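Counting in this note's numbering, the sequence shown runs from 957 upward without gaps.
Think of the hints as simulated: they come from the structure by calculation, not from any bench.
The structure displayed is predicted, hence computed values, not measured ones.
Hints may contain errors.
[As the list claims (entries may be wrong)] Simulated pairs of lysine-lysine, BS3-like, Cα-Cα distance not exceeding 27 Å:
no., residue 1, residue 2
1, K1252, K1526
2, K1850, K2058
3, K1736, K1764
4, K1734, K1850
5, K1512, K1728
6, K1777, K2075
7, K1736, K1627
8, K1850, K2059
9, K1627, K1512
10, K1627, K1734
11, K1764, K1734
12, K1870, K1850
13, K1852, K2059
14, K1869, K2058
15, K1846, K1728
16, K1850, K1736
17, K1846, K1627
18, K1852, K1734
19, K2058, K1870
20, K1870, K1852
21, K1764, K1728
22, K1526, K1248
23, K1302, K1370
24, K1274, K1370
25, K2058, K1852
26, K1627, K1728
27, K2059, K1870
28, K1512, K1248
[Claimed, not checked] If you anchor each label on the Cβ, the simulated ranges turn out as follows:
no., residue 1, residue 2, range
29, A1259, I1393, 25 to 35 Å
30, N1251, N1715, 56 to 66 Å
31, P1211, F1590, 50 to 60 Å
32, K1526, I1203, 32 to 42 Å
33, A1259, R1643, 41 to 51 Å
34, K1252, R1422, 17 to 27 Å
35, I1521, K1252, 25 to 35 Å
36, S1813, N1775, 21 to 31 Å
37, N1251, S1813, 53 to 63 Å
Heads up, the beta-carbon is just placed ideally off N, CA and C, and yes, glycines get one too.
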Amino acid sequence: MSLRFTVSKSDGDRRPSDIQGEVNQLFEGDEPPTCGATEREAAAGAEVVVVLKGDSNPKESSPFINSSDAAGEKSQQYDGKHMALFEEEMDTSPMVSSLLSSLANYSNLPQGSKEHEEAENNEAESARKKPIKAPQLGTLMGVYLPCIQNIFGVILFLRMTWLVGIGGVIGTFVIVFMCCTTTMLTAISMSAIATNGVVPAGGSYYMISRSLGPEFGGAVGICFYLGTTYAGAMYILGAIELLLIYIAPQAAIFPLEGLEGAEAEAALLNNMRVYGTILLTSMATVVFVGVKYVNKLALVFLACVILSILAVYAGVIKTGIDAPDFPVCILGNRTLIWKTFDVCAKSIETANGTVTTQLWRMFCDSPLLNATCDSYFAANNVTQIQGIPGVTSGVLAENLFGTYYEKGDLIARKYMVSVEEQDDPLTNSNRYVLADIASFFTLLIGIYFPSVTGIMAGSNRSGDLRDAQKSIPIGTIAAITTTSFVYMSSVILFGACIEGVVLRDKFGEGVHGNLVIGTLAWPSPWVIVIGSFFSTCGAGLQSLTGAPRLLQAIAKDGIVPALRIFGHGKANGEPTWSLLLTACICETGILIASLDAVAPILSMFFLMCYMFVNLACALQTLLRTPNWRPRFKFYHWALSFLGMSLCLTLMFICSWYYAIVAMVIAGSIYKYIEFAGAEKEWGDGIRGLSLSAARYALMRLEEGPPHTKNWRPQLLVMVSTDAEQTVEQPRLLSLTNQLKAGKGLTIVGTALEGTYLENSDQAQRAEQSLRKLMDTEKVKGFCQVTVSSNLRDATSHLLQASGLGGLKHNAVLVSWPRNWKQGDEHQHWRNFIELVRETTAARLALLVPKNISAFPSNGERFTEGHIDVWWIVHDGGMLMLLPFLLRQHKVWRKCKMRIFTVAQLDDNSIQMKKDLTTFLYHLRIEAMIEVVEMHDGDISAYTYEKTLVMEQRSQMLKQINLTKTEREREIQSITDSSRGSIRRKNPAAVTTQLSVTEEPPAASKEEKPEEEVQLIHDNTTPASPATPATPLLPGEGAQSPGEQVQMTWTEKCDGEPDKPPGAATPEGIKDIFNMKPEWENLNQSNVRRMHTALRLNEVILKKSSEAKLVLLNMPGAPKNRIGDENYMEFLEVLTEGLNRVLLVRGGGREVITIYS
957 MSLRFTVSKS
967 DGDRRPSDIQ
977 GEVNQLFEGD
987 EPPTCGATER
997 EAAAGAEVVV
1007 VLKGDSNPKE
1017 SSPFINSSDA
1027 AGEKSQQYDG
1037 KHMALFEEEM
1047 DTSPMVSSLL
1057 SSLANYSNLP
1067 QGSKEHEEAE
1077 NNEAESARKK
1087 PIKAPQLGTL
1097 MGVYLPCIQN
1107 IFGVILFLRM
1117 TWLVGIGGVI
1127 GTFVIVFMCC
1137 TTTMLTAISM
1147 SAIATNGVVP
1157 AGGSYYMISR
1167 SLGPEFGGAV
1177 GICFYLGTTY
1187 AGAMYILGAI
1197 ELLLIYIAPQ
1207 AAIFPLEGLE
1217 GAEAEAALLN
1227 NMRVYGTILL
1237 TSMATVVFVG
1247 VKYVNKLALV
1257 FLACVILSIL
1267 AVYAGVIKTG
1277 IDAPDFPVCI
1287 LGNRTLIWKT
1297 FDVCAKSIET
1307 ANGTVTTQLW
1317 RMFCDSPLLN
1327 ATCDSYFAAN
1337 NVTQIQGIPG
1347 VTSGVLAENL
1357 FGTYYEKGDL
1367 IARKYMVSVE
1377 EQDDPLTNSN
1387 RYVLADIASF
1397 FTLLIGIYFP
1407 SVTGIMAGSN
1417 RSGDLRDAQK
1427 SIPIGTIAAI
1437 TTTSFVYMSS
1447 VILFGACIEG
1457 VVLRDKFGEG
1467 VHGNLVIGTL
1477 AWPSPWVIVI
1487 GSFFSTCGAG
1497 LQSLTGAPRL
1507 LQAIAKDGIV
1517 PALRIFGHGK
1527 ANGEPTWSLL
1537 LTACICETGI
1547 LIASLDAVAP
1557 ILSMFFLMCY
1567 MFVNLACALQ
1577 TLLRTPNWRP
1587 RFKFYHWALS
1597 FLGMSLCLTL
1607 MFICSWYYAI
1617 VAMVIAGSIY
1627 KYIEFAGAEK
1637 EWGDGIRGLS
1647 LSAARYALMR
1657 LEEGPPHTKN
1667 WRPQLLVMVS
1677 TDAEQTVEQP
1687 RLLSLTNQLK
1697 AGKGLTIVGT
1707 ALEGTYLENS
1717 DQAQRAEQSL
1727 RKLMDTEKVK
1737 GFCQVTVSSN
1747 LRDATSHLLQ
1757 ASGLGGLKHN
1767 AVLVSWPRNW
1777 KQGDEHQHWR
1787 NFIELVRETT
1797 AARLALLVPK
1807 NISAFPSNGE
1817 RFTEGHIDVW
1827 WIVHDGGMLM
1837 LLPFLLRQHK
1847 VWRKCKMRIF
1857 TVAQLDDNSI
1867 QMKKDLTTFL
1877 YHLRIEAMIE
1887 VVEMHDGDIS
1897 AYTYEKTLVM
1907 EQRSQMLKQI
1917 NLTKTERERE
1927 IQSITDSSRG
1937 SIRRKNPAAV
1947 TTQLSVTEEP
1957 PAASKEEKPE
1967 EEVQLIHDNT
1977 TPASPATPAT
1987 PLLPGEGAQS
1997 PGEQVQMTWT
2007 EKCDGEPDKP
2017 PGAATPEGIK
2027 DIFNMKPEWE
2037 NLNQSNVRRM
2047 HTALRLNEVI
2057 LKKSSEAKLV
2067 LLNMPGAPKN
2077 RIGDENYMEF
2087 LEVLTEGLNR
2097 VLLVRGGGRE
2107 VITIYS
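Based on the provided sequences and hints, a complete structural model is requested.
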């Protein structure tokens, strides 16, 4: 695409070459014209024409904003005085003049049939692209006549008279009225949708998909495609029926002569199959060779339809003046097949006497008058009546009410006397006109409805219309009005002109094998026969032309991955693969071989399509979508809803099992697109409906907290990201997926440090990374990223602000902080403890997996093993519920559940086990139960040792937070003290003091800066007088309590160093942990907690060391922040040696109940 615009000559001294140079700078890569030519044009006073080449890429989202013409818009100089205020926004917000100009020149005409013709005719000149002419079709040629051609079809010519005869004038009029009302209401809805903005070519599929979303659009689009394809099969079968029964019966490959009943029916169906396949192959070849031939013949086929209908009306008028001579022979009240006899009489009088006729010989064993004849033939008279008595004959009264038959019943004339014995079997049945199928009211609707389809023909050509928003409503509604008038008048006129037995004679066997509607036509029955044959062939070609393009449009949209191959075609865009699939599907309809069996099938698909058109209009109207502003004003949601109800009713009236099959097909396609299709955002009504439903549901949730029976974990999953915004704990989302067997809400969030203005791109990358990981782990939910000046606040904001209204998280899933003992990670575990406190304050449950990297992925399977629950304190039932949810997932399904509870010295362990068994029985949870007895014992030396190391580490962490000045003063005092000790005592001694005093009150504690220096003596290195104390970096600190002894020095308030409590000798340092006085100075609360942690860990390791997962109660964080580092140490000791641990802290409410 090339964009041409004119740069007018200015009054200044800027040369055209300068202008071209500026343009070239804007459009790098475009070859600039020669400077000399440009200067010569400017010197001659001519305008300078600068040609800009576009990228030729169509933009679907908008015709004017960020389109391929945006570069051309940028070339305009926005240096006007009035635009300076907005100059920074010109890239994203174009000037109004640019917008209007782009809109006026907007052309979005997909290559349709006309362009395919041009492409075929100009294949040799493919390098030279001709500009597409502006569409010029008006309402008459573009909408009205195509709709007329598509609506009038094979049913009118082949089945309309039979419908009137079987259903009666009243019953058939009701059917016609219902079907025409349905299509009229659908047309009103379609007009509203079609006039709500520019509708590119694509017809009903485009309208439905853009109104109801890709899932509904794809499902209904494929249903519409199948309906159009089966319509092609129906038209081909109609053409073959006309050929083999009325035009050339002798062409039958399987002869019908001499065959009766099922044999004759099978022979006819086989003929239909063979000739139908031949005709389908021929039509598909014509469409493949070139659609231009179909388009050129379209007017011929339309002329045939109109002339045939005019011939019928002319025949009706003529019957009032002079009725045509189409006699019908009646034996008793039975209609005879008038094929092998010439006179409707048993015998005739001649000069030589009474002579028997051919009819006599059909029912008697000899031509003699005394021959033995069929009993019914002998008992009844033969009567000849007029098949077309005329519009003034009063036959309408006899045809008002219907007559329904079972298969094989005789077509008998009403109100005629017939003498027959009740017990006599039916003989010579091949002589009478019989009902070929069982008929009932609902069948008639299914057969008739295809004759009112085709109302989408105008909207399918919307890309070729001069003014689609005006032509589509007027042309479509006018066409439906015209065809409805023709159908309704035909019902009355057929009933008023044609004898009832002739109307009920589907194939015209009683009127010498003529087409029944042809007997009414003027000047000859052949006008109808030939005209209807060509019109059905033309309609079949139109179906084989339109259906592949519809499939190609669906495939190119990319919403059904399995259909992508059908989006390709020949070089000129012809949908070759789609045509091949269409021909194969059409062949299945031809193999059915019965017009009456195929018609209800395509009725289902068309009715479903029309139902969703009405639904789209009603939905958009009721939701009051801001973009819903149709130019067509004569619509109402009630009319659309009525049309939708009528479509659904007709589907089940026609055939309930076909309706169910069609809905299953549409539902399967819907679910397939939902799970495997490409994500599309078309601003559809279903999304608006979802928003309305979500708002309503959220308002309902606000009414109160959920009942315990409805409680399920609504998870807020907190993950951390690295510098590249990649999630550091992907297994956390695997665990989330395994926990979500209980469904519910999932929010995956992360916190970033900084300001949002500076880190917005980083936040978007983090969000994309979260979404990608959620898709990989198949976690259904939402993601959220918060940015704040520090991670602590960002995490707090995420905890508080996630969720909406009643749809908020009630549980937080966060990983155990890795390497928390390292000095540079201290802020992470402080944030973790604050998070524990905040979840408690917010009454949220907390799940903390430890060693998350050891947890299984979603692809792993445990074939055996146990999930062990250590139920130490009651947490509202979280410990019971979580294993149950995990075992719903295939990863944990084969693991068995064990519950351990702890009994104290004064507890009755046997009774505890009984009570717990009863409790689990009422909870409907299967698990093995064990009560572990833990008796009070003496606190071991190891406990004191662990506590001492822990408190030393606490003091060391406090020293880390000293300011630089305080740290230097501390080091100097230590050095002075050490030197004094050396002078007074001996050079080998080192004065040390272990700080094991009680912690000061919280009021005197102040937060120190995060500058860190650790003072550590390695107990494997002898102290040196020259280096009494060596300051090290945090990362170089103690590896483990067993390897190094961590020591800190403190001063008294008066500045004098503390005295060592024991001998300051190497032996004293070596045996320092065996000193009972030091243990007595420890914080006894910490000792007790360490004792509990060690005892529990010992018992858990003994019982659950082989378990696949261990769940246990998580103790609460200390209320006093002084003991935070001790809290982490307690949890570490509690879970030491366990592979997979899930620490669980309840949210303060019951989450599981024994009641139903």
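Could you tell me which of the numbered hints above are not met by this structure, giving the numbers in increasing order? Violated hints: none; all satisfied.
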